[in-house]
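Novice: These are the residues of each chain, in order.
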Amino acid sequence: MQDRIKYWKGIEELENTPEFEKHAHNEFPEFLPINGAEGGESASSGKTHRRDFLKLLGFSMAAVSLASCEAPVRKAIPYLNKPVDVEPGVANWYASTFYQGGDYNSILVKTREARPIKIEPNPSSGLTPLGTSPKAQGSLLGLYDTNRLRYPLIAGKEAKWEDVDNQIKSRLANVNGKVAFVSSTIISPSTKKLIDEFGSRFGNFEHVTFDVNSASGLLQANGGVIPGYDFSKANIIVGINADFLGTWVAPVPFAKQYIETRKINPDNPAMSRHYQFETILSLTGSNADVRVPIKPSEEAALVSALHNAVTGGGSASGTAVDAKLLTSVVKDLQANKGKALVVCGSNDPGVQELVKAINTAIGAEGATIDTAAPYYVKQGNDAAMLRLIEEMNAGSIGAVFFYNANPVYNHPLAARVASGLQKVGLKVSFADRVDETAKLADFVTPDHHYLESWNDFEPKRGFLSISQPVISPIFTTRQMQDSLLAWSNQSTDFYEYMRSNWRTVISGNFNEGWEKAVHDGVLENGTSLLKVSAPATTAPSGIRKVQPSAIEAVVYEKVAMGAGGENSNNPWLQELPDPVSKATWGNYVAMPRLMAEEMGVRQDDVLKVTFANNESIELPALIQPGQANGTVAIAMGFGRDLDAMPVAKGLGANAYSIATVNNGAVLYTSGVKLEKTNATSPIAQTQTHHTVMGRIVVQENTFANYKENPKEVTEYVRIATHEGPVKPATISLWDDYEYKNHHWGMVIDLNSCIGCGACTMSCNVENNIPVVGKAEVLMRREMHWMRIDRYYSAKEHEPKDYAEMEHPADNPTVIFQPMLCQHCNHAPCETVCPVAATMHSSEGINQMAYNRCVGTRYCANNCPYKVRRFNWFAYANNDKFGFNEPMNNDLGKMVLNPDVTVRGRGVMEKCSFCVQRVQLGKLEAKRENRRPKDGEIVTACAQSCPTEAIVFGDMKDPESRISKILARQQGERAFHVLEELNVQPNITYLTKIRNLA
Amino acid sequence: MISCILKTQSKILYTFLLALVVSFGAFAQASEQAEVAQKGVDPGATEGAEVTTGDPAVISAGEALFKNNCAVCHSAGSDVIVGPGLQGVTKKRSESWLISWTKNSQALIQSGDADAVAIYNEFNKQAMPSFAFSDDEIKSIFAYIDSGKGAVSAPVAGPEGAVAGENVGTDAVGAIGGYLDIVLVVLIIVLIVLVVTLLLITSLLKNYLNKNRQLNEYDAEVVNQRFDFSKVYKSNAVRTLVVLIFVVVLLDLTIEKTMGIGIQQGYAPKQPIAFSHKLHAGEHQIDCNYCHTTVYESKSASIPSANICMNCHSQVKTESAEIQKIYRAIERNEPIQWVRIHNLPDLAYFNHSQHTQVGGVECQTCHGPIQEMDVVYQYSPLTMGWCIDCHRETPLNTEGNGYYDKLVELHESSSKGAFTVSSNGGSECSKCHY
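Protein chains in written order, with UniProt numbering: chain H, 1 to 997; chain D, 1 to 434.
Accuracy of the hints is not assured; some may be wrong.
Computed cross-link-like contacts, EDC-like style, restricted to lysine to aspartate or glutamate with a CA-CA straight-line distance of at most 16 Å [said to hold, decoys possible]:
#: 1; chain 1: D; residue 1: LYS416; chain 2: D; residue 2: GLU393
#: 2; chain 1: D; residue 1: LYS270; chain 2: D; residue 2: ASP252
#: 3; chain 1: H; residue 1: LYS427; chain 2: H; residue 2: ASP165
#: 4; chain 1: D; residue 1: LYS278; chain 2: D; residue 2: GLU409
#: 5; chain 1: H; residue 1: LYS676; chain 2: H; residue 2: GLU618
#: 6; chain 1: H; residue 1: LYS531; chain 2: H; residue 2: GLU197
#: 7; chain 1: D; residue 1: LYS299; chain 2: H; residue 2: GLU113
#: 8; chain 1: H; residue 1: LYS160; chain 2: H; residue 2: ASP442
#: 9; chain 1: H; residue 1: LYS423; chain 2: H; residue 2: ASP442
#: 10; chain 1: H; residue 1: LYS110; chain 2: H; residue 2: ASP85
#: 11; chain 1: D; residue 1: LYS406; chain 2: H; residue 2: ASP370
#: 12; chain 1: D; residue 1: LYS149; chain 2: D; residue 2: ASP55
#: 13; chain 1: H; residue 1: LYS233; chain 2: H; residue 2: ASP370
#: 14; chain 1: H; residue 1: LYS337; chain 2: H; residue 2: ASP230
#: 15; chain 1: H; residue 1: LYS423; chain 2: H; residue 2: GLU391
#: 16; chain 1: D; residue 1: LYS103; chain 2: D; residue 2: ASP113
#: 17; chain 1: H; residue 1: LYS956; chain 2: D; residue 2: GLU221
#: 18; chain 1: H; residue 1: LYS193; chain 2: H; residue 2: GLU206
#: 19; chain 1: H; residue 1: LYS740; chain 2: D; residue 2: ASP219
#: 20; chain 1: H; residue 1: LYS193; chain 2: H; residue 2: GLU496
#: 21; chain 1: D; residue 1: LYS406; chain 2: H; residue 2: GLU708
#: 22; chain 1: D; residue 1: LYS299; chain 2: H; residue 2: GLU924
#: 23; chain 1: H; residue 1: LYS82; chain 2: D; residue 2: GLU334
#: 24; chain 1: H; residue 1: LYS676; chain 2: H; residue 2: GLU597
#: 25; chain 1: H; residue 1: LYS740; chain 2: D; residue 2: ASP405
#: 26; chain 1: H; residue 1: LYS75; chain 2: D; residue 2: GLU334
#: 27; chain 1: H; residue 1: LYS740; chain 2: D; residue 2: GLU428
#: 28; chain 1: H; residue 1: LYS727; chain 2: H; residue 2: GLU715
#: 29; chain 1: H; residue 1: LYS956; chain 2: H; residue 2: GLU597
#: 30; chain 1: H; residue 1: LYS893; chain 2: D; residue 2: ASP346
#: 31; chain 1: H; residue 1: LYS740; chain 2: D; residue 2: GLU409
#: 32; chain 1: H; residue 1: LYS608; chain 2: H; residue 2: GLU675
#: 33; chain 1: H; residue 1: LYS933; chain 2: H; residue 2: GLU959
#: 34; chain 1: H; residue 1: LYS582; chain 2: H; residue 2: ASP789
#: 35; chain 1: H; residue 1: LYS427; chain 2: H; residue 2: GLU87
#: 36; chain 1: H; residue 1: LYS75; chain 2: D; residue 2: ASP346
#: 37; chain 1: H; residue 1: LYS582; chain 2: H; residue 2: ASP604
#: 38; chain 1: D; residue 1: LYS211; chain 2: D; residue 2: GLU221
#: 39; chain 1: D; residue 1: LYS299; chain 2: H; residue 2: GLU87
Since the hints were made in silico from the structure, they are not lab data.
Could you build all of it, start to finish, from the sequences and the hints given here?
Specialist: Structure (structure tokens):
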């Protein structure tokens with residue numbers, strides 16, 4: 001990766017696309033200047049002359065009159081034979097399942113005219129009924145990715161399926177050596193059974209499971225399964241380098257459980273206490289009550305100190321962690337026996353053995369760990385994969401299949417994998433595009449997208465779910481399972497195979513039971529299908545010593561991007577800000593402020609990172625508050641250089657080399673050397689201010705104070721008048737609106753918001769929000785209607801001045817605040833619009849009429865919340881924004897919501913409270929001659945929130961959830977942001993409560 | 001609807017009044033038709049209702065179902081259309097037989113039922129499609145047939161009946177307009193004759209005076225006065241006036257033409273198949289909903305797919321060249337590419353079901369006399385002003401709709417005007433633009 005000093009005007013220049021070459025010497029940019037995006041050079045040459053102006057004027061007049069002569073003929077093409085269930089203009093919903101690298105979501109897929117356009121949580125699911133992960137929301141775009149393979153490849157050349165089948169079958173018949181099937185974790189019972197049956201035809205077959213961000217150590221310590229953690233039953237939660245709300249094991253189910261103990265019932269206040277020890281400032285650490293930064297080399301010592309203290313009653317010493325704090329952790333754990341839980345993200349089986357012993361000692365098993373229902377979402381066996389790599393290099397592997405696995409790119413020993421592959425006779429990849437591994441394969445037999453496939457899932461014992469095709473295959477791809485069936489000379493297809501496999505779990509009439517399971521998407525009657533056994537190959541036991549080094553590096557998984565780079569080509573996810581660093585489009589070296597000051601490094605300075613294997617990469621530095629001192633962190637999944645991933649090309653660098661093999665286990669840490677280069681490379685962050693400058697924007701208080709007097713936890717602004725201090729609303733200059741019908745409003749519980757970004761992603765998909773790219777994000781022109789503001793805070797700042805506040809503390813507390821249009825009743829934007837393009841509705845919604853907007857941007861300037869977004873460019877049908885796939889190619893456009901306008905250049909846009917859903921909900925009610933039911937009309941953000949932090953509803957309906965919350969919380973935790981401005985928002989926030997030790 | 005007539009054909013007041021009188025009776029019939037159509041959307045509407053023969057509610061529910069589903073092939077009288085006329089069928093067959101026949105006639109035939117096989121053979125082995133009605137719904141249909149309403153009204157509701165009648169007003173205006181033109185032309189001819197006669201008289205008199213009388217100088221000057229036109233067109237006032245008029249006319253034209261850009265009122269493109277709404281909706285009175293299946297459910301009314309055409313045209317007029325085009329499309333597996341007539345801009349959201357089912361608006365209100373169109377044209381301008389005008393003037397269809405209950409009371413307590421779409425927020429931006 002060359003990330004040296006290189007400035008570019010746009011992605012085109014960076015990539016040097018043919019389009020860019022063509023336009024490079026065109027006079028057009030001079031003629032029609034595009035201000036700003038390119039920097040100084042062209043801005044000066046891009047002057048408009050009077051004659052040019054007149055020419056333009058004349059041209060546009062002529063164009064308008066020409067265009068008006070004849071309206072374009074538009075076709076209306078009905079179905080030839082309309083499917084019974086498809087009504088044009090009416091959405092159909094199908095239950096399905098998203099699973100990727102541990103992230104499991106039972107989902108509902110919204111289809112319009114038989115094309116999927118939105119993913120929502122499946123309320124029938126027992127595991128993920130509330131919300132989805134941002135990855136699940138974004139996975140939709142993968143279906144419409146034009147870079148997917150459209151046909152199978154033989155030696156890199158387009159081929160026919162018959163030829164592929166014949167060649168593979170004949171080569172398999174003469175295979176010489178072991179046949180290996182490498183996949184990421186498979187939680188599909190039928191697929192697993194099928195792979196085993198496929199393998200039984202060979203004398204020597206092995207199914208190796210390789211997870212990029214693996215939990216091998218945890219699995220080895222727990223007999224091949226992940227303990228059935230239940231955070232909802234825990235009063236004390238201790239997390240050690242386990243980002244269980246963001247990336248670890250099963251984040252969406254965990255977030256649901258976790259938040260049950262964090263939501264405060266005002267009538268019976270109770271709250272769990274969460275300690276987090278970690279190297280990076282993770283999403284989970286950001287939500288912890290007490291967070292302690294530790295170096296990777298201190299992890300094992302910390303766990304054994306905890307173990308000794310909990311089991312032996314000894315003191316928790318011998319660690320770098322503050323002894324007083326550790327003692328209080330131990331005290332809390334011992335006081336809450338059976339109601340406490342310790343989780344650790346370490347991949348060292350020895351450490352995990354200790355964690356298991358701690359959990360046994362504190363009575364977690366059978367209480368906060370459901371021993372009857374373990375999780376299956378991670379099954380990767382690092383030791384087996386390492387052995388396979390050696391076997392490949394030794395030449396004893398005859399054939400290898402790669403399914404959802406790309407070790408040439410993302411294995412720590414990628415070079416060994418690549419060299420080993422040269423000695424394998426038959427290499428088949430099921431990748432959906434030519435990725436790093438598929439490049440070296442003899443055959444690429446592209447798999448369907450999951451929305452095109454039948455499959456079943458068992459993420460947790462007894463929790464079965466199904467995915468069903470919601471669109472017929474777009475390309476001539478074939479589901480991996482069907483390929484295996486074809487190669488085993490079986491005539492049945494996978495759907496039938498799966499159905500017959502399910503006969504054992506459906507009692508009663510099978511067809512009825514099956515239909516119901518497909519309809520519901522889940523079957524949770526306690527029966528289990530998936531066969532999981534303890535790993536045959538294991539790493540040696542015992543704790544591995546992580547050698548302390550001057551700079552310890554960790555490689556970590558980003559919440560939205562995933563571990564293995566599967567989503568690299570997804571522009572939605574690339575532009576979704578990291579929950580904590582708020583960085584988009586690429587990875588970086590996250591380092592603590594102290595280290596940066598010592599090295600003289602400033603943000604955006606490019607550093608040369610040299611790994612233990614002497615390879616090096618160059619990445620810009622990002623000063624990350626909360627990063628353990630003496631450590632740096634780099635995210636996985638970047639540094640792609642693939643033609644099949646144009647969106648990801650050139651973003652960041654590959655940091656898998658940080659992961660090292662230590663005594664048969666892969667540890668995601670090692671020592672690195674850092675060198676300053678003279679280059680800088682800007683990191684596109686959506687939020688660069690870390691403080692609210694003392695204004696009342698976010699509010700938080702302690703649980704102790706809340707229990708004492710809930711009326712004191714929130715600070716309310718009072719305006720001084722001659723009659724004494726009064727509420728801002730009482731001295732209004734404005735007349736109030738009278739709402740007769742509905743009054744839509746939203747309550748956001750800061751205590752429940754974990755900051756994952758699912759709402760932002762969901763909003764992007766629902767509302768056709770364009771992707772603007774790194775260059776524009778750097779110009780602060782991202783278009784997200786909804787953002788999650790992240791603020792750092794620390795006690796020591798309170799008495800100091802603003803300059804000091806700009807420096808976050810070394811271990812700050814973090815607070816997340818979803819920020820969207822507040823739909824003010826006295827909206828400052830409405831009064832300044834010269835063309836009345838934004839105004840108030842009779843239902844309390846601040847409306848935005850795009851076609852009336854002339855783009856003065858007065859409204860954005862007058863908005864105190866900075867939630868209005870301006871279309872600086874045409875992001876649709878514009879080659880310069882080719883990475884904005886949902887709007888720039890015919891296939892990508894399939895994902896657009898047909899009920900929402902794609903905005904043009906030069907207009908303002910902002911959150912509409914999902915007015916299309918409000919209108920539809922009202923229409924449905926009117927058609928059924930009734931009032932809308934509460935919960936029927938929800939915004940996309942509220943629907944996708946995995947923790948129910950966002951509640952949307954009609955404040956006019958006294959029985960609605962929102963009315964009840966507001967009535968109960970008024971004067972306690974309910975507050976408006978910047979209430980002193982008296983803009984009277986329709987969005988109310990609830991104060992965050994921390995359960996400090 | 002009447003206001004539309006006023007706008008489009010703003011002629012003289014009395015013609016309009018005449019039209020009003022003529023159309024009034026028909027209008028009442030038309031709205032009845034609309035009501036039926038509206039009820040027809042919901043086959044489940046009658047579910048659970050006690051079916052007692054003679055109950056008017058059941059009969060009207062049955063009527064709606066019959067007209068939407070059966071009338072295409074059966075008359076309620078004794079005429080044979082595709083299938084037999086159904087008058088008196090309940091006396092010939094048992095109720096249970098009728099129900100199982102309606103639900104799945106093929107099953108009954110295959111079970112070897114003698115009556116069923118006989119009918120099947122009698123009507124050229126033409127299968128009746130299956131209908132997923134509830135028993136009560138089927139009973140209501142036969143209750144309607146028994147009531148004899150359909151049998152009596154069928155001949156009356158001929159082509160010039162219910163649906164077509166709605167447009168008599170428009171026709172009247174057109175007819176009277178033609179008559180007026182003739183009167184005007186005659187008047188103009190009379191006037192021209194008058195002017196010519198007068199000029200002739202003047203000239204005669206002048207000649208007479210000049211020849212036969214010795215006029216004094218003063219009188220001669222009066223008689224032989226010459227009008228100097230150059231003075232008129234050389235005067236500044238006249239010139240200014242002319243220029244002014246020219247500019248005003250030009251501006252007016254420009255503005256009118258500019259405002260008309262993108263408005264395709266009257267747009268009547270040639271369609272790939274010469275489908276006639278006049279024949280189907282007018283003469284055969286097929287309910288709009290029969291082909292435009294989603295008009296009460298969805299934002300789009302939906303253009304019928306070929307399989308809907310095939311419901312009838314697998315049997316009817318199979319030799320027609322136009323129908324052959326449908327067969328070809330099916331054989332080639334290529335959908336028929338109709339030319340879209342009503343093109344709303346992408347920035348405007350329009351929902352048919354909101355207007356048809358909830359609002360109770362007739363199709364003709366916006367689409368014009370569709371039942372008389374051989375070739376469909378865009379009847380309304382489809383401009384925002386046109387939408388808003390209607391939203392401002394039209395009272396909401398709130399009767400019996402639980403959604404509006406409190407709102408109507410609230411409105412009546414605070415305002416004397418009608419509870420229009422606009423007074424419920426129907427002219428706000430984000431009702432249509434999002």
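Novice: So, for every hint listed, does it hold in this structure?
Specialist: Outcome of the hint check:
1. D/LYS416 with D/GLU393: Judged against 16 Å, a Cα distance of about 14 Å means the pair holds.
2. D/LYS270 with D/ASP252: violated, 32 Å
3. H/LYS427 with H/ASP165: The hint holds at about 14 Å.
4. D/LYS278 with D/GLU409: violated, 43 Å
5. H/LYS676 with H/GLU618: OK: H/LYS676 and H/GLU618 at ~10 Å, within 16 Å.
6. H/LYS531 with H/GLU197: holds, 13 Å
7. D/LYS299 with H/GLU113: holds, 12 Å
8. H/LYS160 with H/ASP442: Measuring from Cα to Cα gives roughly 14 Å; hence the hint holds.
9. H/LYS423 with H/ASP442: holds, 12 Å
10. H/LYS110 with H/ASP85: holds, 13 Å
11. D/LYS406 with H/ASP370: violated, 51 Å
12. D/LYS149 with D/ASP55: holds, 13 Å
13. H/LYS233 with H/ASP370: holds, 10 Å
14. H/LYS337 with H/ASP230: OK: H/LYS337 and H/ASP230 at ~14 Å, within 16 Å.
15. H/LYS423 with H/GLU391: holds, 10 Å
16. D/LYS103 with D/ASP113: Given that 16 Å is the threshold and the Cα spacing comes to 15 Å, the pair holds.
17. H/LYS956 with D/GLU221: Between H/LYS956 and D/GLU221 the Cα gap is close to 90 Å, so the pair fails against 16 Å, i.e. violated.
18. H/LYS193 with H/GLU206: holds, 13 Å
19. H/LYS740 with D/ASP219: The given pair, whose Cα atoms are some 85 Å apart, is violated under the 16 Å limit.
20. H/LYS193 with H/GLU496: Holds, at about 14 Å.
21. D/LYS406 with H/GLU708: violated, 43 Å
22. D/LYS299 with H/GLU924: Holds. D/LYS299 to H/GLU924 sits at ~12 Å (cutoff 16 Å).
23. H/LYS82 with D/GLU334: Between H/LYS82 and D/GLU334 the Cα gap is close to 13 Å, so the pair holds against 16 Å.
24. H/LYS676 with H/GLU597: holds, 12 Å
25. H/LYS740 with D/ASP405: holds, 12 Å
26. H/LYS75 with D/GLU334: Holds, at about 14 Å.
27. H/LYS740 with D/GLU428: holds, 15 Å
28. H/LYS727 with H/GLU715: With Cα atoms ~12 Å apart, H/LYS727 and H/GLU715 stay inside 16 Å; holds.
29. H/LYS956 with H/GLU597: This hinted pair is violated, its Cα atoms lying about 55 Å apart.
30. H/LYS893 with D/ASP346: holds, 15 Å
31. H/LYS740 with D/GLU409: Status holds; Cα separation ~11 Å.
32. H/LYS608 with H/GLU675: holds, 5 Å
33. H/LYS933 with H/GLU959: holds, 10 Å
34. H/LYS582 with H/ASP789: With a Cα-Cα distance of about 9 Å, the restraint between H/LYS582 and H/ASP789 holds, given a limit of 16 Å.
35. H/LYS427 with H/GLU87: violated, 45 Å
36. H/LYS75 with D/ASP346: Holds: H/LYS75 and D/ASP346 sit about 15 Å apart, inside 16 Å.
37. H/LYS582 with H/ASP604: holds, 14 Å
38. D/LYS211 with D/GLU221: holds, 14 Å
39. D/LYS299 with H/GLU87: Since the Cα atoms of D/LYS299 and H/GLU87 sit roughly 10 Å apart, the hinted pair holds (cutoff 16 Å).
In terms of the numbered hints stated before, the structure departs from hints 2, 4, 11, 17, 19, 21, 29 and 35, listed from lowest to highest.
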